[in-house]
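Visitor: The chain contents come next:
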Amino acid sequence: MKQDVFMLGGQEFSSRFILGSGKYNVELIQAAVEQAGAQIITLAVRRANSAGEGNILDYIPQGVTLLPNTSGARNAQEAVRIARLSRELGCGNFVKVEIMRDTKYLLPDNTETVRATEILTKEGFVVLPYMYPDLNTARDLVDAGAAAVMPLAAPIGSNKGLATREFIQILIDEIDLPVIVDAGIGRPSQACEVMEMGAAAVMANTAIATAGNTPQMALAFKKAIEAGREAYLSGLGRVRERGGEASSPLTGFLRD
Amino acid sequence: MKINGVQKQCPANLTVSAMLEQEGYAREGVAVELNMEIVTKDAYDTTVIKEDDVIEVVSFMGGG
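Note that the protein sequences, when read in sequence, are chains R and B. Residue 1 is where the first sequence starts when you use our numbering, and the numbers rise one by one after that. Residue 1 is where the second sequence starts when you use our numbering, and the numbers rise one by one after that.
This is chain R alone, in the form it adopts within the complex (with noise of 0.2 Å):
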């Protein structure tokens, strides 16, 4: 069978759950990236605490790609700066941008974040931007040269999961870019439902972190989202609306 992968900026990736390393401490990160089998991880800027702190790149298996967000970001220059420094950190040049203006809900702005990514993109910078699930947003980050598109199902950390669904499957049958689902997958099942509808990849970080044994979580999402997958690739049976069909034949055995 051929392999199945997809591309981010000129990379192959197989896996397809992209993790978050926030709210847990780094002795979990690397458990968790191995029951994962997770070749992206997302991490933050911020500023250093200076002597004694661990470095977080310590605890990341090699080979597996940085995604530095550009969290904290409120419009598109503070993103771009942030960007800028996390490339600066020397571990490569994906970035998810990530602007929120509310801080509420942590709803993304969807036009900053397109303006943040024509610059970026322009810059040399693999752009992948948290967005609210909009076709016309998507569409101007497709010409803005974004590498993939990340709407959200839910706002973050709320484990709420696919609240946004009917929007979610508009950008995978519309958007020829891979659609990665991220913020408010809170189960396994729901990674595994938008996965089943053709996502290409699933981002989870607080359903990992706030579980309560987080590597198995972690392993619990990676069999959901390669079975959803499976599901998808393998076209899902239909669905009868009205009656049933037996599945076994209807021959006369033991009764005329």
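Please keep in mind that the hints were generated in silico from the structure rather than gathered at the bench. All of these numbers come straight from a predicted model, not from anything done at the bench. Yeah, the Cβ is synthetic: ideal placement off N, Cα and C, and Gly gets one too. Warning: the hint list may mix true and false statements.
Okay, the calculated bits of chain B under chain R, using three or more residues with CB under 8 Å as the criterion [what the hints assert, rightly or not]: (1) 14-27; (2) 42-56.
For the chain B half of the interface with chain R, some residues (derived, Cβ under 8 Å), not all of them [to be verified]: (3) 4; (4) 11; (5) 30; (6) 33; (7) 38; (8) 61; (9) 62; (10) 63; (11) 64.
Use these hints to put chain B onto chain R, whose structure you have.
Guide: Using the frame of chain R, we list chain B on its own:
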């Protein structure tokens, strides 16, 4: 000078390299911004900090 939001005394001829060492930052794991402009690593030894400069020293942290 201000480093990560904290006002500090700035000794004469303080280079970015010397500042990082003095403040206890590991040179490898950080990126430095001087008055909103990035200082590349190869310029750490030659870039001198002035009294009114605003410096940001950043690194990677866990995040989603």
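Visitor: Now look at each hint and say whether the structure bears it out.
Guide: Evaluation of the provided hints:
no. : hint  : in the structure
1   : 14-27 : holds (count 4)
2   : 42-56 : violated (count 1)
3   : 4     : 4 Å, holds
4   : 11    : 17 Å, violated
5   : 30    : 5 Å, holds
6   : 33    : 6 Å, holds
7   : 38    : 5 Å, holds
8   : 61    : 5 Å, holds
9   : 62    : 4 Å, holds
10  : 63    : 3 Å, holds
11  : 64    : 3 Å, holds
In the structure shown, a violation is registered for the earlier hints numbered 2, 4, in ascending order.
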